[in-house]
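Can you build the whole structure from these sequences, using the hints too?
Chains as they are written, first to last, in the numbering used here: chain C, 10 to 305; chain S, 10 to 305; chain P, 10 to 305; chain D, 10 to 305.
It is possible that part of the hints are untrue.
The calculated lysine-lysine pairs, modelled on DSS-like cross-linking and capped at a C-alpha distance of 27 Å, are [what the hints assert, rightly or not]:
hint	chain 1	residue 1	chain 2	residue 2
1	S	K136	S	K249
2	C	K260	P	K249
3	S	K249	D	K260
4	P	K214	D	K249
5	D	K166	D	K136
6	D	K136	S	K249
Quick caveat, the hints were computed from the structure, so don't treat them as lab data.
Protein chains: 4
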Amino acid sequence: MKPTIGWIGLGNMGLPMAQNIIRAGYPLRVNNRTASKADPLVEEGAVLCSTPREVAQQSDIIVLMLSNNQAVEAVLHGEDGLLSGLDEQSIVVNMSTISPDEMIAAGQLLTGYKARFVEAPVSGSVKPAEDGQLVILAGGQAEAVEHCMPIFDVLGKQTLHFGEVGTGSRAKLVINLLLGITMQGISEALVLADKAGLDRELVLKMVGASAVHTPLLAGKTQSLLSGDFPAAFALKWMEKDLGYAVDLARKLEASLPLASAVTSTYTSAKANGRGEMDMASILLQIEELSGMKRKG
Amino acid sequence: MKPTIGWIGLGNMGLPMAQNIIRAGYPLRVNNRTASKADPLVEEGAVLCSTPREVAQQSDIIVLMLSNNQAVEAVLHGEDGLLSGLDEQSIVVNMSTISPDEMIAAGQLLTGYKARFVEAPVSGSVKPAEDGQLVILAGGQAEAVEHCMPIFDVLGKQTLHFGEVGTGSRAKLVINLLLGITMQGISEALVLADKAGLDRELVLKMVGASAVHTPLLAGKTQSLLSGDFPAAFALKWMEKDLGYAVDLARKLEASLPLASAVTSTYTSAKANGRGEMDMASILLQIEELSGMKRKG
Amino acid sequence: MKPTIGWIGLGNMGLPMAQNIIRAGYPLRVNNRTASKADPLVEEGAVLCSTPREVAQQSDIIVLMLSNNQAVEAVLHGEDGLLSGLDEQSIVVNMSTISPDEMIAAGQLLTGYKARFVEAPVSGSVKPAEDGQLVILAGGQAEAVEHCMPIFDVLGKQTLHFGEVGTGSRAKLVINLLLGITMQGISEALVLADKAGLDRELVLKMVGASAVHTPLLAGKTQSLLSGDFPAAFALKWMEKDLGYAVDLARKLEASLPLASAVTSTYTSAKANGRGEMDMASILLQIEELSGMKRKG
Amino acid sequence: MKPTIGWIGLGNMGLPMAQNIIRAGYPLRVNNRTASKADPLVEEGAVLCSTPREVAQQSDIIVLMLSNNQAVEAVLHGEDGLLSGLDEQSIVVNMSTISPDEMIAAGQLLTGYKARFVEAPVSGSVKPAEDGQLVILAGGQAEAVEHCMPIFDVLGKQTLHFGEVGTGSRAKLVINLLLGITMQGISEALVLADKAGLDRELVLKMVGASAVHTPLLAGKTQSLLSGDFPAAFALKWMEKDLGYAVDLARKLEASLPLASAVTSTYTSAKANGRGEMDMASILLQIEELSGMKRKG
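Okay, structure coming up:
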C-alpha cells in the first residue's frame, strides 16, 4: 500500500508538485497558510488539515515546500506545529530552498524529535515542477532518502543524493550560482551586441545555435525581447542565494571572481527596485549600467 | 555550373571545411603555407596552387581561413599575393577570426581592388566544422552574401547576416564573450562544489540536467573530470578575443562587470603558462586561486 | 580622584595601550590569559588580577582589548567571568574589533547586567597605539562615552562618536574596507609598473609625491621593496573584516564593485597560505596572478 | 644665458605652468589655438607666435602641453607645423598625457627630424601646476633630460627619470590607475557608511585621521559633502587613462582585478553622462548602483 503523503506549502512550485503526487495515486494530506490554495487538490481527493500537527499525525512522509526559513520555522513550532505531531516513523522532507546552515539546524532539530529528516531542494522552476521534470538534490541518511525515492520519482526526472544533510542545499547554491552567472553573461552579451548595432533577435538566434545555448535562454527569450519580466524566479531570491553562495565560498576559502561580481550586480538590481521582477531582469540593470534607456 | 572555390588556410578548422566543399561537388583550388597539408584535398580532386595569386586568378569565390590578421596580410600582399590576382568578378570571403577593425580594414582594402568582400567568421569548433554544422556570422553587402549562400549552406547549419562588414566580427566577439563567461562560471561552480565536499561527477550530472546545461559542458566534461585539457580552442585565443570584446565595450560605453572580471582571470591563466591548453583549463586557474593543489 | 581602570587583553595592541594608561596616572587592574604578559605593567605599578571577575570588582571602567569575539565571550562568561563581577556603576568598554552584530549582542548582554557599555574599536595599529595616536571609533550612550573620554584622550589623538552601539564597529569596517582596497590598489599599480619595466623604487617615490600618497604606503614601503611581510596587521584579519564589510553591504543593499573584487583577492591570498603574513603581502598574490615569480 | 622656451598649449594646466617659466626669467615664445589665451603671458613679456613653426624657429626648448594626441598631431604637421621649424639643436618636450604608444611614435617622428625628444607627463593637477609643485615623469635620453632639468625644477618639486621614451607615459598610467582606484575606494566606503547610518562628515574625519588619508581626499572633501563636482580632472579623461592602463596590463600579462572593476565603473559613469564632471563624481555612480537618490 502506498504511504500517505503530507504536504505543507502550496505556492507556485508546491501546488503543481502536490498535484503530481495525488495524480500518482498517493493519499494526500495538505496544509497551507492560505487554505483556499488547497481547493484544486481537495477536488482531486486530498484531505485538508487545519494544522501542520494534523498533517504530521496523519502522514508517513511529510513534505515542506516553503518560501524561506521563517516560514519553515513557523510551521515547525508552536502548539499546532509539525513537531508536536511527529512520531518515530515520520519522515520529514524539506524541499524548501533555505541556507545550508538553516537546513542542518532543521535536521538536528527533527532528529531530536526522533523523526527522520531528508533535505531535497530542487533544481528547476514552475514548468519542470508541473511536468514532474525537476532535479531533486537530496541530502540525508541513505536509508531515509531511499524511502522517499518513489515520491522523488514522481516529482522529478532525476534524484541526486549528495551526502549528509546540508550537501543538497549546498548543491542548490552551486547550481543557482551558475544560473545567476549565466543569466548575467547572456545580458552582458546582449548589451554589447546592442551597442555594436547588432539586431537582438539575430543575436539570440546565434546564441541559440551555439555551444552556449541553454534551456534557460530558451525560457527567457520572450522576456529578453519584450523587456517584460514577470517573475518565474524572482530576482530577490536569486540575490539571496548568491549571497549565501559567496558567504559559503569565503568560509571555505574559495576565491571566485565572477561569483563576487555577479552578486554585486544583483544586489544593485535589487537596490534599484527590481527584486520582484524575474531574475532575467538583470538585463535591465546591465542596460542601465551602460546608459541605455528603455522607451516607455 | 558550380563556381570554382579558392581556399587559403588549411588548419584544423580550414581542412575539414574545405573537404566539405569538394565533397559537395565544387571545383576547388587550394593554397597553404605548408603545401603538404593540402594532400588529402588533392587526393579528392582539388588543384594545388603555388601562390595566393594563382588561387585568385582561377577561382570565383576565394575563402580565407587563417589564424590571425598577420597571416591574412601575408596572403593579401606581395608580388604573388591575392590582391594581384583579383578581378571585378572576384568575391573574397574572410572566415578568419580577426578583430572588427582589422576586418573592416581588409574590406576597405579589397574594395579598392574592385573585388567584393564578405566577412564570415564562424561559431563552432572542429567537430561542427567536420559535420558542416557551423554557424556562419556574415557581414557585407546583401548581394555578395547571397552569392556565397550555397557555400555557407555546405559549411554550416545556419547563416546569420548581421549587416555591413564588421558586424559579423563583432557578433563573433559577442558569442565568444559568452563562451568565456560560461566556461569560467562552470569552473567557479565546480570549485565551490569541491570545497563544499560535493562529488564532482554528481555535480556535473546536476548541471547537465539543469536549465544551464550547455553543449559546451557536454564537450568539456571529460576534461573537467580528468584535468587534461588538450586544446580544441586554445586559452590564448579566448584571452585575445576577450581583450577585443572589453576594448570594444569600452569604446561603445558598455559597462560589463563579468566581461571585465573574466578577462582578468583568463589573462592570469595565460600569464601562468596555460595559453596553449584548452580554454576549459580556466578551471585550473580557479582551483589555484582557491588554494587547491592538483596531484601529479 | 582618577577612576580605576581594569584592562583585559595584553596583545601587541593592548599592552602599549595599557602602558599609556598607567603612565597617565590611572590606577590599573589587569588580567590576561597568559599572565606573564602583564609583567611590564606590574613593574610600573599595575595590580594583576587572577580573573576577569576580580578586575570587574576592583575597577570603575573595564576595557576589553581582545582578538575576536570568542575571546570576548570567554572573558564575559563563567564562574570567574566579567559579568559576575559587574555592578550598576561599571562601564565596560569593548575596544576589540568584532562584527557589528557581535558588538550589539555584547551590549545587550551587558545592559541586562545593568552595566553601561561603550564600544570603541580603534583605527591605527601598533605604532599609533604606542604613541597614543589612535583614532577611537566610539558607539554608545552619550553619557557613558563622555565618562570614558579622559581615557580615550590618553589612548588616541581623536575620538569620533558615531551613535549607538554598533555604529563604531560599522565605522571600523568602513575604514578597513578602504584600507584593504588601498593596499591592493598600490599592489596592482606596482605590478603594472614592474611589467612595464619601471623601477619599483622610483615608482614608490612617484606615489609618495602624489595625491594618493598615504601613511599606509610610508609604513609598508620597506616590505614592498624587500618582499618580507612581518605581520603588523595579519592578512587573515583583513580578510575577515572585508568579509564582514561585504556581508553588511549586501544586507544594506549597497552594491560595491571594488569591495567585492578585493575580498575575493584577499580570500585567495589566505587560501594560498598568506593569512599569517602582513596584509601588505596581498602584493605577492597580485604578482602571482600575473605570473611573476619571486626569487628565493 | 637662459635658453629660450617655446610653449604650445595654454589650457588650465598649460597657462599656469608657462607663467612659472616666464616668472623664473626665461625668454618665452607662445602659441595656442585660441591666441587670446596668451594675453596674460604677453603682458608679462612673452612673445606670441602665430604658428608652431615660428615657435620652433625661435626657441631652444619647445614644450607641448596639449589635451590629447590629436592636438599634438595638429601642432606637429602641416606647412606651419612644428616639424617644419625644428633644427638639430631643438629639444621638444611633450608634457601632454597621451598613450605610451602615441608617445613613442611621437618620439620616433621627431628623431627622424634630428631633434631631441623628451616625454614629461606630470602627476598633479591645477593647484600644483600653479605652485610649481608638479611631479615630472620623464622619459628620454639622459643627456636630453638633463638639458631640461632647470625647466622641470621650475615646474615641479621633483623629476623622476624612468628610462627611454614611453616609460614616463607608462608611469603616468600607473599613478592614474591608483588615483582611479583610490577615488572609487573612498566612494564605496562613503556609500557603505551612508547605508550603515553613519554621518558622512564624521566618516570623512575618520578617514582623514587614518593610515589611508590622502591629499586627494583633502582636495575632494568639499565635493563629497556637497555633491557638486566641478571638473578639476574630468571623469572622461580618467576613464580614458584607465582604459589605456588595462590595455597595457593585458598586453604585458598583468592580471589586475581592481583595475578591471574600476574601469568598468568609470565607463558606466561616462555612459550615464558624467564624463564632464570631476572624476570624484564616481561617488554618484556608486550611490546610484546602491539605489540612493540624491535630492535635487
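Each hint, compared with the structure:
1. S:K136 / S:K249: holds, 22 Å
2. C:K260 / P:K249: Judged against 27 Å, a Cα distance of about 10 Å means the pair holds.
3. S:K249 / D:K260: holds, 10 Å
4. P:K214 / D:K249: holds, 24 Å
5. D:K166 / D:K136: OK: K166 (chain D) and K136 (chain D) at ~13 Å, within 27 Å.
6. D:K136 / S:K249: Cα-Cα ~41 Å, so violated.
Consistency with the previously given hints fails for number 6 only.
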